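There are 2 protein chains.
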Amino acid sequence: MSEPFDIIAVITPKPGKADRVQELLETAAAAVKANEPGVLRYHVQRETKGDAPVFIMLETYKNKEALGVHGASPDFKALGRALKKEDLLAAPMKAYFTKEVGGYASKL
Amino acid sequence: MSEPFDIIAVITPKPGKADRVQELLETAAAAVKANEPGVLRYHVQRETKGDAPVFIMLETYKNKEALGVHGASPDFKALGRALKKEDLLAAPMKAYFTKEVGGYASKL
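Here the protein sequences line up with chains A and B, keeping their order.
Here the first sequence stands for residues 1 to 108, where the numbers follow full-length UniProt numbering.
Here the second sequence stands for residues 1 to 108, where the numbers follow full-length UniProt numbering.
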């Protein structure tokens, strides 16, 4: 079994499409929370500046299997289909596999 | 006094320069932790795939004043000078001001 790891994904909606993309991401996030115990973090961040905000997903997977389950889930596939069918993205999603190497997550 | 807000910054080192950039970011993060109580999160993430990994900073500021203090700090200025003097970056840092709009930060 692999170690937990993070994915940080940048999603770039077309101008005027951010609200619809947010709606889809919120639906996907609710399904992940309900159905995927191996996804330890699935946090939707929206850019607050500019008229074409990006979304940044902060995700943490318990192991590779959890990512496999996520990728195969009907909700994730529905998200992908809707983004494509409604032509909502200005660029392909950019995903970074990351690990923490310093600093601190919280002072609270 | 403004509300807490997040900044997610993507830092792109030149090939072969990631370790030096990480060193500088770790030094800066230690100073932030020690000297800047208004910075609630200053988390250094390194990309684990590819031979030219990017760094993604996950930062949370208590308010605008905290960002002002951060930007004016000698350590932040020293970081900027070193990145420039040693010509370590392949592209300018890309900073996104963000807010959470859905999903969850942790299941732990």
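Simulated from the structure, these hints should not be mistaken for lab results.
Do not take every clue at face value.
Stated by the list, open to error - Some chain B residues close to chain A (C-beta under 8 Å, calculated; not the full set):
| hint | residue |
| --- | --- |
| 1 | ARG46 |
| 2 | ILE56 |
| 3 | MET93 |
| 4 | TYR96 |
| 5 | GLU100 |
| 6 | GLY102 |
As the structure is a computational prediction, the values presented were derived from the model and not from experiment.
For glycine and all other residues, C-beta sits at the position ideal for the given N, C-alpha and C.
Structure-based check of each hint:
1. ARG46: Since chain A brings a Cβ to about 4 Å from ARG46/B, closer than 8 Å, the hint holds.
2. ILE56: Since the shortest Cβ distance to chain A is 5 Å, the answer is holds.
3. MET93: 14 Å, violated
4. TYR96: 5 Å, holds
5. GLU100: With Cβ-Cβ at 6 Å, under 8 Å, it holds.
6. GLY102: At about 4 Å, which falls below the 8 Å cut-off, the nearest Cβ of chain A leaves the hint on GLY102/B intact, so it holds.
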